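*Asks:* Chain residues, written in single-letter form:
Number of protein chains: 2
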Amino acid sequence: MAVYTDVSFEDLETALAGYDVGAPLSFKGIAEGVENSNFYLRATGGAFILTLYEKRVREADLPFFLGLMEHLASRGIACPLPVRRNDGALFAHVNGRPAALLTYLDGLSLRQPGVAHCAAAGAALAALHEAGRGFELSRPNALSVKGWPDLVHATAERADTVQTGLRALIETSLEQLERSWPTGLPSGVIHADLFPDNVLFMDGEVSGLIDFYFACNDAFAYDLAVLLNAWCFETDGAFNITKGKALLGAYHTRRDLSDVEIAALPVLAQGAALRFLLTRLYDLLNHDPMALVRPKDPREFAKRLRFHLAARHARDYGL
Amino acid sequence: MAVYTDVSFEDLETALAGYDVGAPLSFKGIAEGVENSNFYLRATGGAFILTLYEKRVREADLPFFLGLMEHLASRGIACPLPVRRNDGALFAHVNGRPAALLTYLDGLSLRQPGVAHCAAAGAALAALHEAGRGFELSRPNALSVKGWPDLVHATAERADTVQTGLRALIETSLEQLERSWPTGLPSGVIHADLFPDNVLFMDGEVSGLIDFYFACNDAFAYDLAVLLNAWCFETDGAFNITKGKALLGAYHTRRDLSDVEIAALPVLAQGAALRFLLTRLYDLLNHDPMALVRPKDPREFAKRLRFHLAARHARDYGL
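In the order they appear, the protein sequences are chains D and R.
Numbers given in the working numbering equal positions in the first sequence, counted from 1, plus 670.
Numbers given in the working numbering equal positions in the second sequence, counted from 1, plus 670.
Isolated chain D (complex conformation):
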């Protein structure tokens, strides 16, 4: 949550020469985003976010991420729209980093979403899944079942330094998931990281979906399982079935879930919990004390994973 690469006014002027957005009025680094540098820009032509992509986002993936936002925005999804440069390009380079200019969306993300917000998030995810149809590029989900063994390998030995029993939980879950991971579910473009900080609200309605830098092609129901993990647990770690019911119900109303998707929900929820547990654990164990981000607590997802391991049916989530 910081700015990694500085952009001076002079750098900005050079960068803006390639765009038709008018003269800059205000420009501030903002504390947002996982590992990119983000700047708020207000210009005579509107309000924008300038993003410099740091090491985590591969330049080769930018046509997918930026093209997807353009595709979704043209289909009515309130997401940042990449501003094309005068030469037609979706991104350029600023201070040695790939960089894109995106429209700025109003709205505020919630720390403690209520039941109605969960329903709105569920409906927004379903709309996103529908709107993604027809997008011609694709990107595999590197953080799904085939990607987990590497993360387990990189974290298992030191896992119990974070929480006793964590290694066993991870290894047992991985083994189970590798055996039971569903294939052939309805798939398409998924967001894969739709946490509350990536959903903007205004007057109780969703006004924007942001941060598409984990988006990929995978099962829609897996994305729903991520959403369930991200929105329906209370700060004390308890699952809130009222929120689960609202979220799943709203999704289901907007995009009909098939019987196989419903049956797969518990195992997908386990997988989603393991995915965030593993990446948070990896980030914590490999945290550079000089880094400008504070690592997130992996134990939250250990607790959620344990909950999912005990779930047998989508009913356990309120569906």
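Heads up, a few of these hints could be off.
[What the hints assert, rightly or not] Pairs of lysine-lysine, DSSO-like flavour, derived with a Cα cap of 27 Å: (1) Lys915(D) with Lys973(D); (2) Lys725(R) with Lys966(D); (3) Lys966(R) with Lys725(D); (4) Lys973(D) with Lys816(D).
[Unchecked claim] What follows is a list of derived Cβ distance ranges for each label pair: (5) Arg969(R) with Arg828(D): 35 to 43 Å; (6) Gly716(R) with Gly692(D): 44 to 52 Å; (7) Gln782(D) with Pro856(R): 49 to 57 Å; (8) Gly784(D) with Gly804(R): 47 to 55 Å; (9) Lys816(D) with Glu729(R): 39 to 47 Å; (10) Gly907(D) with Gly737(R): 18 to 26 Å; (11) Asp776(R) with Lys725(D): 27 to 35 Å; (12) Arg964(R) with Arg969(D): 24 to 32 Å; (13) Gly688(D) with Gly784(R): 17 to 25 Å; (14) Glu875(D) with Thr684(R): 30 to 38 Å; (15) Gly692(D) with Asp757(R): 38 to 46 Å; (16) Gly907(D) with Thr905(R): 35 to 43 Å; (17) Thr905(D) with Asp757(R): 24 to 32 Å.
[Said to hold, decoys possible] Among chain R residues calculated to face chain D with C-beta under 7 Å, some are: (18) Ser678; (19) Phe679; (20) Glu680; (21) Ser696; (22) Gly699; (23) Asp776; (24) Arg781; (25) Val785.
Simulated from the structure, these hints should not be mistaken for laboratory data.
Note that the structure is a prediction, hence the values are computed from the model and not measured.
Where a beta carbon is used, it is the ideal one built from N, C-alpha and C, also for glycine.
Since chain D is already given, all that's left is putting chain R on it; use the hints.
*Replies:* Frame of chain D; chain R shown alone:
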């Protein structure tokens, strides 16, 4: 340059209940300020900065800092105006921190100000000095000659680990300055930290002066010496006398410098360089690797200090 204390949407709603600024439309942590947490807020009632004061700013000083901005703004200085709460207070508490809401100023700060910008900064400082008259609170300058021995004491032993000869430079300078530091110069409220990042420009004109959290009562010419240090050296460390001439000339035109002030300029410039050398050195030597700021290089000011030690007259700066 980061956000130290998180403010959720829910926290924001609670805080805004005390103000008459309308409903929030957008809210982002911004990477700005020395050691405070700053948030950009756009609401139906306008654009604002919400600042949470972290440890460096003492709550007891807030009536001075915020009252000063209110005083200056009412006298035509383009500085942030603290928004008074409905109960009349200039600040309240948010998440355990003293916090104020200030109007947001448009404009961009420059990394490489040119000659005309230096002149504009000089004129703006003179206007600030004039506008500060009549402000009824006062605050001593803790980072002037009486404050330096403590900083020298805390840094001298390890100074040469940063640059060979630094300890001798510091100790010799301190000794000289203690003997020659001028008293009785025309004084009043000074900004004391008017670096280019604290001056906003729009279309070549100064559109805002920000960050008043070092403001205090001291000699006006000392503030001018800080400005000279901050604006008139090139990135290679060389003094640019054309910029010095423009800056000093513009100040002098707007507020007449007396002969004693002019005569004191070299020693004041030495003092200003020592002040920033010492605080940067202290921050570097005591840098917490977990901190979210990167320490600034003290050696820039060692070089400037050496330049000032060789200067004999205000003419050496272009006046």
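*Asks:* Check the structure against each numbered hint from earlier and tell me which ones fail, lowest number first.
*Replies:* The structure conflicts with hints 6, 9, 10, 14, 16 and 25, although it agrees with all the remaining ones.
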